[in-house]
Amino acid sequence: MPKKNKKTEPTSETNIALLNILEDAEEEKQKAEEEKKKTLSIITNFSDGLLVFDKERKLSLINPRAENFFDLNGRDVIGRTFLDLATFPTMEPVISLIGSEMSEIFRQEAKIKESLVLEVSLISIIGGKERTGALIVLHDVTREKTIEKMKTEFVSLAAHQLRTPLSATKWALKMLIDGDLGQLSSGQAEMLEKTYQSNERMAELINDLLDITRIEEGKYLFKPILTEVGPILQFVVRSYQEEAKRRNLDLEFKRPEEKIPRAMLDVEKIRIAIQNLVDNALKYTPSGGRVTISLHCSKKNLEVAVKDTGVGIPPDQKERVFSRFFRGANVVKMETDGSGLGLFIVKNIIEAHGGRIWFESEEGRGTTFHFTLPIKEEFEDFLKEL
Amino acid sequence: MAKKILIIEDEELLADLLQKKLTAAGYKTFLATDGERGLIAMRELAPDLILLDIVMPKINGLEVLAEIREDKNLKKIPVIIISNSGQPVEIDKIKELGARDWLIKTDLNLQEVIDKVRRQIGS
Numbered sequence: 001m002p003k004k005n006k007k008t009e010p011t012s013e014t015n016i017a018l019l020n021i022l023e024d025a026e027e028e029k030q031k032a033e034e035e036k037k038k039t040l041s042i043i044t045n046f047s048d049g050l051l052v053f054d055k056e057r058k059l060s061l062i063n064p065r066a067e068n069f070f071d072l073n074g075r076d077v078i079g080r081t082f083l084d085l086a087t088f089p090t091m092e093p094v095i096s097l098i099g100s101e102m103s104e105i106f107r108q109e110a111k112i113k114e115s116l117v118l119e120v121s122l123i124s125i126i127g128g129k130e131r132t133g134a135l136i137v138l139h140d141v142t143r144e145k146t147i148e149k150m151k152t153e154f155v156s157l158a159a160h161q162l163r164t165p166l167s168a169t170k171w172a173l174k175m176l177i178d179g180d181l182g183q184l185s186s187g188q189a190e191m192l193e194k195t196y197q198s199n200e201r202m203a204e205l206i207n208d209l210l211d212i213t214r215i216e217e218g219k220y221l222f223k224p225i226l227t228e229v230g231p232i233l234q235f236v237v238r239s240y241q242e243e244a245k246r247r248n249l250d251l252e253f254k255r256p257e258e259k260i261p262r263a264m265l266d267v268e269k270i271r272i273a274i275q276n277l278v279d280n281a282l283k284y285t286p287s288g289g290r291v292t293i294s295l296h297c298s299k300k301n302l303e304v305a306v307k308d309t310g311v312g313i314p315p316d317q318k319e320r321v322f323s324r325f326f327r328g329a330n331v332v333k334m335e336t337d338g339s340g341l342g343l344f345i346v347k348n349i350i351e352a353h354g355g356r357i358w359f360e361s362e363e364g365r366g367t368t369f370h371f372t373l374p375i376k377e378e379f380e381d382f383l384k385e386l
Numbered sequence: 387m388a389k390k391i392l393i394i395e396d397e398e399l400l401a402d403l404l405q406k407k408l409t410a411a412g413y414k415t416f417l418a419t420d421g422e423r424g425l426i427a428m429r430e431l432a433p434d435l436i437l438l439d440i441v442m443p444k445i446n447g448l449e450v451l452a453e454i455r456e457d458k459n460l461k462k463i464p465v466i467i468i469s470n471s472g473q474p475v476e477i478d479k480i481k482e483l484g485a486r487d488w489l490i491k492t493d494l495n496l497q498e499v500i501d502k503v504r505r506q507i508g509s
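Heads up: the sequence lines are chains X and A, in that order. To convert, note that position 259 of the first sequence is 259 in the working numbering; the numbers rise steadily by one, no gaps. To convert, note that position 70 of the second sequence is 456 in the working numbering; the numbers rise steadily by one, no gaps.
Watch out, some of these pointers could steer you wrong.
To be verified - Coverage of chain A stretches by chain X, computed from C-beta distances (three or more under 8 Å per stretch; other residues unrestricted): (1) 397-407; (2) 418-432.
As the list claims (entries may be wrong) - Derived DSS-like pairs: lysine-lysine, alpha-carbon spacing no greater than 30 Å straight-line: (3) X/113 / A/479; (4) A/444 / X/151; (5) A/481 / X/376; (6) X/111 / X/145.
Stated by the list, open to error - Simulated restraints, written as ranges between beta carbons of each label pair: (7) X/235 / A/441: 27 to 33 Å; (8) X/186 / A/459: 25 to 31 Å; (9) A/461 / X/189: 41 to 47 Å; (10) X/48 / A/493: 32 to 38 Å; (11) X/107 / A/459: 22 to 28 Å; (12) X/235 / A/458: 36 to 42 Å; (13) A/461 / X/258: 45 to 51 Å; (14) X/334 / A/414: 48 to 54 Å.
If you are wondering where the hints come from, they were derived from the structure by calculation, not from laboratory data. Note that this is a predicted model, so its numbers are computed, not measured. Note that beta-carbon positions come from the ideal geometry of N, C-alpha and C, so glycine has one too.
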């Protein structure tokens, strides 16, 4: 550190000025050093793993946390190119997740080993107008994943356990109602019928719970076959006719005029999706109303619409319609039963087919749910993208 | 002669109801309350059809099914799985092991169970 020579008398003002500048520069340098140290200590002690790549896609920085994740020493990897790093087995999942383009990603999961799941984000470093590098942030989500898995397994197990006693009750009640165990008085029969209905609702709720845990487990049964959607719509409409009559509603399937091509569908799941939509429409349409199901076809998609003249969805609640456990404030008043899982399940089913779902609704006038299902060729493209 | 049905089910009430309903429908029923007894019973009785639960003590339904498949005398007997699971993985496994049909207990009422039996072996 150069020191000001106190013994030297300033010979001129220029000299003093020069010394001052030197002193300032020294101070700045010190500040910069301190800043650098600070930044370095933040990076070193950062709880997330960090990787920095330069313009040539060579690794220029790896912090201790990342070294720890990948179980390797920075010395061995610094200076290597992005793709080169895939030769290290622990880094390979991250490299292949990001891909050779090194495009930006946000919180995507990579499983490094059995006991380590990382959430990976890539952020471009921009200098001026061009990209001068990339920052990769690695966040350990192993604990969250484990808890999530335990939760799913618990719900799934609980639901199975709950079904067994319910089956027994269901069968026993049915036998009593059917008079298999002797004739009942009309009062007894009525009470047992109500009990049976409650039991059925409970079973449905458990089925819904199982369905969502399966969606979450990623195990949701999905076996597409090339088939027509029309008969499925017809089947559902027919099975709900009695219910519609009971509610004094008109339920109709408008047959399409054009020929509808077949599509790759998981019949069982599509039936569940349509049932959920029709069931909702019937439940939330006042007596005297109408529910219409229609089917159209565009170049790339089949489009199904379920239109009702029901109570509609309040505007301030439209965004939450597809989230799980959501039920509209107005419908809760009409019908206390309902798990709020139906539309969440429907959305998952449609999206698993590569389709899209949306709705238009006016409070007090009615709601129309639309969903699309891609025709075969589009569906194959969709699968490729997966 | 009445056709013989072997029920292998550990849940007492369910088994009892099944027996009552099937008997009323004109079948002769036998009950085994676990997989081990089920295997012994089917070798002795040579039933016309087996109703088989999956989650059971000692030997579970999947193991019973696998053993039936290995035995050339038993493998001709149609098996209907009665389960509460309905997990896709399990259903795949059941089909692979050659069961004729499967049903989820809570989804069906007893009459529908009888209908399924009738479809396999007639009255």
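Do the hints match the structure? See the list:
{"no.": "1", "hint": "397-407", "verdict": "holds (count 7)"}
{"no.": "2", "hint": "418-432", "verdict": "violated (count 0)"}
{"no.": "3", "hint": "X/113 / A/479", "verdict": "holds, 28 Å"}
{"no.": "4", "hint": "A/444 / X/151", "verdict": "holds, 28 Å"}
{"no.": "5", "hint": "A/481 / X/376", "verdict": "holds, 27 Å"}
{"no.": "6", "hint": "X/111 / X/145", "verdict": "holds, 11 Å"}
{"no.": "7", "hint": "X/235 / A/441: 27 to 33 Å", "verdict": "holds, 32 Å"}
{"no.": "8", "hint": "X/186 / A/459: 25 to 31 Å", "verdict": "violated, 51 Å"}
{"no.": "9", "hint": "A/461 / X/189: 41 to 47 Å", "verdict": "holds, 44 Å"}
{"no.": "10", "hint": "X/48 / A/493: 32 to 38 Å", "verdict": "violated, 47 Å"}
{"no.": "11", "hint": "X/107 / A/459: 22 to 28 Å", "verdict": "violated, 58 Å"}
{"no.": "12", "hint": "X/235 / A/458: 36 to 42 Å", "verdict": "holds, 41 Å"}
{"no.": "13", "hint": "A/461 / X/258: 45 to 51 Å", "verdict": "holds, 50 Å"}
{"no.": "14", "hint": "X/334 / A/414: 48 to 54 Å", "verdict": "holds, 51 Å"}
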